[in-house]
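Participant: Once you have looked at the hints, place chain B on chain A.
First to last, the protein sequences are chains A and B.
When you line the first sequence up against our numbering, it's residues 1 to 246, in that order.
When you line the second sequence up against our numbering, it's residues 1 to 262, in that order.
Take the hints with a grain of salt, since some may be wrong.
DSS-like cross-link-like pairs, simulated, lysine-lysine; straight-line CA separation at most 30 Å [to be verified]:
id: 1; chain 1: B; residue 1: K101; chain 2: A; residue 2: K83
id: 2; chain 1: B; residue 1: K253; chain 2: A; residue 2: K12
id: 3; chain 1: A; residue 1: K42; chain 2: B; residue 2: K32
id: 4; chain 1: A; residue 1: K42; chain 2: B; residue 2: K253
id: 5; chain 1: A; residue 1: K193; chain 2: A; residue 2: K123
id: 6; chain 1: B; residue 1: K100; chain 2: A; residue 2: K123
id: 7; chain 1: B; residue 1: K100; chain 2: A; residue 2: K12
id: 8; chain 1: B; residue 1: K100; chain 2: A; residue 2: K206
id: 9; chain 1: B; residue 1: K100; chain 2: A; residue 2: K42
id: 10; chain 1: A; residue 1: K83; chain 2: B; residue 2: K32
id: 11; chain 1: B; residue 1: K136; chain 2: B; residue 2: K32
id: 12; chain 1: A; residue 1: K123; chain 2: B; residue 2: K101
id: 13; chain 1: A; residue 1: K12; chain 2: B; residue 2: K101
id: 14; chain 1: A; residue 1: K183; chain 2: B; residue 2: K101
id: 15; chain 1: B; residue 1: K32; chain 2: A; residue 2: K12
id: 16; chain 1: B; residue 1: K136; chain 2: A; residue 2: K24
id: 17; chain 1: B; residue 1: K32; chain 2: A; residue 2: K24
id: 18; chain 1: A; residue 1: K83; chain 2: A; residue 2: K24
id: 19; chain 1: B; residue 1: K101; chain 2: A; residue 2: K193
id: 20; chain 1: B; residue 1: K32; chain 2: B; residue 2: K101
id: 21; chain 1: B; residue 1: K32; chain 2: A; residue 2: K183
id: 22; chain 1: A; residue 1: K206; chain 2: B; residue 2: K101
id: 23; chain 1: A; residue 1: K123; chain 2: B; residue 2: K32
id: 24; chain 1: A; residue 1: K206; chain 2: A; residue 2: K123
Chain B stretches covered by chain A per the calculated footprint, using a threshold of three residues with CB under 8 Å from any CB of chain A [unchecked claim]:
id: 25; region: 9-20
id: 26; region: 191-202
id: 27; region: 249-259
Worth flagging that the hints you see were computed from the coordinates, not collected in a lab.
None of these values were measured; they are calculated from a predicted model.
Note that beta-carbon positions come from the ideal geometry of N, C-alpha and C, so glycine has one too.
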Amino acid sequence: MDAIEVVDVWKKFRIYHDRVYSLKERFIFRNRQKTEDFWALKGVSLRVPRGATVGLIGRNGSGKSTLLKIISRILYPTRGEVKVNGRVSTLLELGAGFHPDFTGRENIFLNASILGLTRREIKERLDDIIAFSELGDFINNPVRTYSSGMYMRLGFAVAVHVDPEILLVDEVLAVGDIPYQEKCLNRIRELQKRGVTIVFVTHNPKQVEELCDLAIWLDRGEVRFAGPAKETVRAYAAFVNTAATG
Amino acid sequence: MTAALWQQIAEIYAYREMLRNLVARELRARYKGSVLGFLWTFFNPLFMLVVYSAVFSHVMRVQVENYAMFLFVALLPWNYLAQSVQQAAASLVQNAGLIKKIYFPRAVLPLSVVLANLFNYLFGLGILIPALLAFKIRLTPTLLAFPAVLAVQTLLVAALALLVAAGNVYFRDLEHIVGIALMAWFFLTPVLYPLEAIPAEVRGYFLLNPMTPIVDAYRALFFYGAWPDWGQLWRTALGGAAALLLALAGFLKWQRAVAEEI
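One chain only, chain A, in its complex shape:
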């Protein structure tokens, strides 16, 4: 069974030139509400086999992030269907819901619960998360005293310990200094070995080749190429080069 199945997904965004929220403006400008439809995804279909790591590549505005958000149910498709089998965790932002006045430890509970963990699950993982964050005694200080690197590390530590069956990642791998980044990549490899299905969006073709089995190249909301990571990266690179020179 596939972990993720995307069937002919279309997504329309309505772009408001002047967003009108209030009653007065709605009444006054009722004929002037200018909107324009923008199709971010145009009939995207794909399957992600269980345990595979899939990279989504493409230029800015190609619909990568929109697709990721639809798979994670933050956005809903205008048309089409997404079937997901397994517990999903999305890494779009690290440290969601952190409260600056709470300690690192308290924020682990807050953040992990927003990611859908129960109290027992959080307690089981607490020591691992604190160890992974490398924050040491700072874990008992309020988060507002953290440097941005420490903040990201704590967020990342929680995120990779959610233990999802399906992990969706949107360019958050650039966390902390180089050794810490290496540690994060190792953690991703560890999750791969455990059979976690991973989909990640990136601008970095090298990372795709290194980490992914499959890759999908999106262009203006359509799948331009889908196949083994190396082939997709090659096709994409050829396209980018011709675009640059031609």
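Facilitator: Quick look at chain B alone, frame taken from chain A:
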């Protein structure tokens, strides 16, 4: 639709730890940085009581005996409703950052507001009960009916909180309309006056207001040492449960587009 609704309820339950943490954050963060801190939770109702009893025993005399307490037993639950609905209206819009980045059942946000205010009400009882004793109002076994009345009120508050939270995403004026509507509703509910003060010929209309039987029930069990009108309360409970299910169904439909409308 029904299957989706039960699935939604199961999902909210699965996110109970998030609900718990948001409530704790709300209760603890509210008075963060103030000298008295969490004690404000008790001082607020206490000062309110002091002011009312001063005004109504010295400045403005009212026919009702022990008017300050007569008012106070109804005002605390009213504040539970009013503050929940007012804060819930802003709850989704205020958490836009979270909603755009992470999936979770969105209903958790307005529901956490309701629960935080529920706890505030319960803390308020820490002032109410001693005050009732100080004013020599006898506490009777009718207090046992309190959880039932509270449960009925909570059904209603949660339903309204969900509706205004979702509505405010699409129509931002709602937040302000809610403030005015709550004020009008306050005067139409027998909080400041007894139900008997309403002329008999229009009293029937006042009973259509679901807060009327609830406030009346609180007043009966705290102030008069009487049991609430069970028939009334039962009908309100059924209405409240139906309203909550409808509100959840509506919320389920509206929440789909919340991340892009916010």
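Participant: The structure should be examined with respect to each hint, and the outcome stated for every one.
Facilitator: To see whether the hints hold, each was checked on the structure:
Of the pairs offered as hints, the one joining B/K101 and A/K83 holds, with about 20 Å between alpha carbons and a cut-off of 30 Å not exceeded. Between B/K253 and A/K12 the alpha-carbon distance is near 18 Å, which keeps this suggested pair within the 30 Å criterion. As the CA atoms of A/K42 and B/K32 are separated by approximately 49 Å, the hinted pair breaks the 30 Å bound. The suggested pairing of A/K42 with B/K253 holds, with an alpha-carbon distance near 24 Å, which does not exceed 30 Å.
A C-alpha spacing of about 24 Å is found between A/K193 and A/K123, which places the hinted pair at or below 30 Å, so the restraint holds. Of the pairs offered as hints, the one joining B/K100 and A/K123 holds, with about 27 Å between alpha carbons and a cut-off of 30 Å not exceeded. Under the criterion of a C-alpha separation no larger than 30 Å, the hint pairing B/K100 with A/K12 is consistent with the structure, at around 16 Å. Our distance criterion of 30 Å between C-alpha atoms is met by B/K100 and A/K206, whose separation comes to about 28 Å.
For a cut-off of 30 Å, the pair hint linking B/K100 to A/K42 stands: about 22 Å separates their Cα positions. A threshold of 30 Å between alpha carbons decides the hint, and for A/K83 with B/K32 the separation of about 44 Å lies outside it, so the pair is violated. Using a Cα cut-off of 30 Å, the hinted pair B/K136 and B/K32 is violated, with the two alpha carbons roughly 36 Å apart. Our distance criterion of 30 Å between C-alpha atoms is met by A/K123 and B/K101, whose separation comes to about 24 Å.
Straight-line distance between C-alpha atoms of A/K12 and B/K101 comes to about 19 Å, which keeps the hinted pair within the 30 Å bound. Restraint check for A/K183 and B/K101: the C-alpha separation of about 24 Å stays at or below 30 Å, so the hint holds. Taking the CA atoms of B/K32 and A/K12, the gap is near 43 Å; set against the 30 Å cutoff, the hint is violated. Simply put, B/K136 and A/K24 have alpha-carbon atoms about 53 Å apart, too far for the 30 Å limit, and the pair is violated.
Between the alpha carbons of B/K32 and A/K24 the distance comes to roughly 37 Å, so the proposed pair goes past 30 Å and is violated. With a C-alpha separation of about 42 Å, the suggested pair A/K83 and A/K24 falls outside the 30 Å cut-off, and the hint is violated. In summary, the hint linking B/K101 to A/K193 is supported, as the alpha carbons are separated by about 27 Å, within the 30 Å threshold. For the hint linking B/K32 to B/K101, the alpha-carbon distance of about 27 Å falls within 30 Å, and the restraint holds.
Only pairs whose Cα atoms come within 30 Å are accepted, and B/K32 paired with A/K183 is rejected, the gap being roughly 36 Å. In summary, the hint linking A/K206 to B/K101 is supported, as the alpha carbons are separated by about 26 Å, within the 30 Å threshold. The suggested pairing of A/K123 with B/K32 holds, with an alpha-carbon distance near 26 Å, which does not exceed 30 Å. A hinted pair counts as satisfied when its Cα atoms are at most 30 Å apart, and A/K206 with A/K123 does not qualify at roughly 37 Å.
Here the region 9-20 of chain B counts 6 residues with a CB under 8 Å from a CB of chain A, which clears the bar of 3, and the coverage holds. Counting residues of the region 191-202 of chain B whose C-beta lies closer than 8 Å to any C-beta of chain A gives 0; at least three are required, and the coverage claim is violated. Counting residues of the region 249-259 of chain B whose beta carbon lies closer than 8 Å to any beta carbon of chain A gives 3, which reaches the threshold of three, so the coverage claim holds.
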